[in-house]
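Q: Just need the whole structure built from these sequences, with the hints factored in.
Chains as they are written, first to last, in UniProt numbering: chain A, 1 to 357; chain B, 1 to 338.
Any given hint could turn out to be false.
To be verified - 30 Å max Cα-Cα, derived DSSO-like pairs, lysine-lysine:
1) A:Lys186 with B:Lys249
2) B:Lys207 with A:Lys37
3) B:Lys59 with A:Lys186
Simulated from the structure, these hints should not be mistaken for laboratory data.
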Amino acid sequence: MQANRRRFLGGMLAAGLIPKPTWADAGGPAYLAAAAKPDGSFALCGIGRALNITFEIPLPARGHAAAAHPTRPQAVAFARRPGRFAVVIDCVSGAVKAQLDAPQGRHFYGHGAFSQDGDWLFTTENDYEHGQGRIGVWDVSKGYTRVGEFHSGGVGPHDIKRLPGSDVLVVANGGIDTHPDSGRVKLNIATMQPNLTYLDQGQIIEVAQLPPEMHKNSIRHLAIGPRGQVAFGMQWQGDGQMSALIGQHRQSQPIQLIGADDDHARELGGYIGSIAYSRNGKMIAVTSPRGGVVHQYDANDLTLDQVFELQDVCGVAPQDRGFAITSGRGDIGGLGRDGPAFAQSDALRWDNHLVEV
Amino acid sequence: MRRILLIAFAVAAPCITAAQAADPVVAKIIDTHILPRFETLAQSSGQLADAAATDCTPKSETLRAAYGRAFDAWVAVSHLRFGPTETNDRAFALAFWPDSRGVTPRTLASLITDQDPVIATPQEFSQVSIAGRGFYAMEFLLYDDTISTAGDAAYHCALVQAVATDIAATSAEILADWQGDYAARLLNPSPNGTYRSQEETVQELFKALTTGLEFTSDTRLGRPLGSFDKPRPTRAEVWRSGRSVRHVKISLESLENLMLLLVGDNADLAARSKHAFETTLSKLGILNDPVFAGVTDPQTRLKIEVVQQSVDAIRDIARQELGPELGVAAGFNALDGD
Chain A
1 MQANRRRFLG GMLAAGLIPK PTWADAGGPA YLAAAAKPDG SFALCGIGRA LNITFEIPLP
61 ARGHAAAAHP TRPQAVAFAR RPGRFAVVID CVSGAVKAQL DAPQGRHFYG HGAFSQDGDW
121 LFTTENDYEH GQGRIGVWDV SKGYTRVGEF HSGGVGPHDI KRLPGSDVLV VANGGIDTHP
181 DSGRVKLNIA TMQPNLTYLD QGQIIEVAQL PPEMHKNSIR HLAIGPRGQV AFGMQWQGDG
241 QMSALIGQHR QSQPIQLIGA DDDHARELGG YIGSIAYSRN GKMIAVTSPR GGVVHQYDAN
301 DLTLDQVFEL QDVCGVAPQD RGFAITSGRG DIGGLGRDGP AFAQSDALRW DNHLVEV
Chain B
1 MRRILLIAFA VAAPCITAAQ AADPVVAKII DTHILPRFET LAQSSGQLAD AAATDCTPKS
61 ETLRAAYGRA FDAWVAVSHL RFGPTETNDR AFALAFWPDS RGVTPRTLAS LITDQDPVIA
121 TPQEFSQVSI AGRGFYAMEF LLYDDTISTA GDAAYHCALV QAVATDIAAT SAEILADWQG
181 DYAARLLNPS PNGTYRSQEE TVQELFKALT TGLEFTSDTR LGRPLGSFDK PRPTRAEVWR
241 SGRSVRHVKI SLESLENLML LLVGDNADLA ARSKHAFETT LSKLGILNDP VFAGVTDPQT
301 RLKIEVVQQS VDAIRDIARQ ELGPELGVAA GFNALDGD
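A: And the structure:
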């Protein structure tokens, strides 16, 4: 049935009779997530609103995050850092439409974002000979060809997101310098300076920084609220405990740090894996795979609202009520007003991120 | 606030009480692994400073021997990266490596060229970039063809002495903190302490083991190996002083000691861990290539790759068997580090 529909669509497309395929043609997934399979292979999965798997497409290596095209059913799946490639997948046919190879002297960090019109893809990259962060620019209409790059505003850019209704990009410059000749070894912990950089048309328009005593708090992952507010999850690279691993920022305002009491701060293990806003922007959920815990905070008064334990939890994204959550043990489910509802699958270990389409 | 527990049977919540009995495994690790090694580091670093004060010429056998002994002592603690070594970035000031962008020789060259007076007092010198301090900077000063002979001899001598004095001071500070109260903090977790439970102290020690093994595999061995098409012999650790293989050996011996202490009385796991280290050390021993120069030769390269695989086999035992036995999380995402 599905195959017939694909053939039919293909024929119609060739004849130029209908518009280009949309996400509905890919089974209307609400989310994308990379996963590891029991046979050691890797896949990118489409996940429906009911948290059912709508498609499963093989990936050549372990994935990290994915970026969904705003209109067309295409996803860019990134290899785990320090990956040299990303693949563009047609989520209707499962075919690889293009492969992005990092240019000479660059590697990907595992995240990317599309422009509002979907014509451009932006990728976080490491210019590793100079130890500088770069944002690579790829032309979607030309089959994802590399057309340029600009400075990310810092070192070690990790997540990148676009603010709603605009083409302003916000980049989490984690601050950590690495070089492929030393694997994943961190070269500059003593002097690292993470920041949150806003860019418009390749120009830095604002840089938000942490207080100096928190310079070893690597800003890694971002969530964007409906009114353009930015929440970020951090990973503490210093010794001992760090009470604030979450922050919230609005352009032209100072950073707000979100902490918890000592017991709850400690259970995050100094490490936020993923972060998400609820649809209405009133709640922020963060996951810590090291602590095996999800924290939900009130985004207005910055207080801890709910704690939920789940081993190796990492992916989190908003759903209609509350949050959808995945774990490296194969759990997938929701944390909503009626409490948690989870299913476990032995077939798929979910990787870091659950990306909303 | 609501607290929800999904998989209650899978998470054994630690029971935290005000005063826990000291864990005998942790006590033994502190007494026989940690403290003696930091004592050796402080002592041999002090002797290095004395030797430099007596004879600062780079080719001095006495100085080079004292440097070698102190550096050996550092490598034997280089996996113990928590608490006193991290205060004021002391470990970075002792050991800035890998230096992928060549900051160490650049910093030293500019000190020498400018005859920078910052070396005059230990206080001032401790403000110099960490790349220009510590054991790896000293290697350039004593063994690098260019830097060991660069500049004015009197300034070079004073710089060698400043670096040695700084190493001695930093090593003494680390030991003082361990003896002061850090050992007690690690031994006696308390609700308001640095460590709240034995689970947290064991987690810290297990992390020291796994990150130590990772560093030796990925960096000490991985850097010179590079790729088959692009081997990188001059990216080996301390090749100028001919110490590359020696560092792998010392780190593995120290990590074996820690791993066996963590394994405790599980005889089967102890035997297999011991065997895995012995196999690795014997493969390293037959290389007969002190600086991994053989990475460029396909046959020798294979032998070095086998050593690396052998270290990775130890990492697998640590992660997959010791970790779960100690109750340390080792999930797919928990270990990812992104």
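Q: Hint by hint, say whether it matches the structure.
A: Hint by hint, here is what the structure shows:
1. Among the hinted pairs, Lys186 of chain A with Lys249 of chain B is consistent with the structure: their alpha-carbon atoms are about 23 Å apart, no more than 30 Å.
2. This hinted pair checks out: Lys207 of chain B and Lys37 of chain A have alpha carbons roughly 27 Å apart, not beyond 30 Å.
3. As the CA atoms of Lys59 of chain B and Lys186 of chain A are separated by approximately 33 Å, the hinted pair breaks the 30 Å bound.
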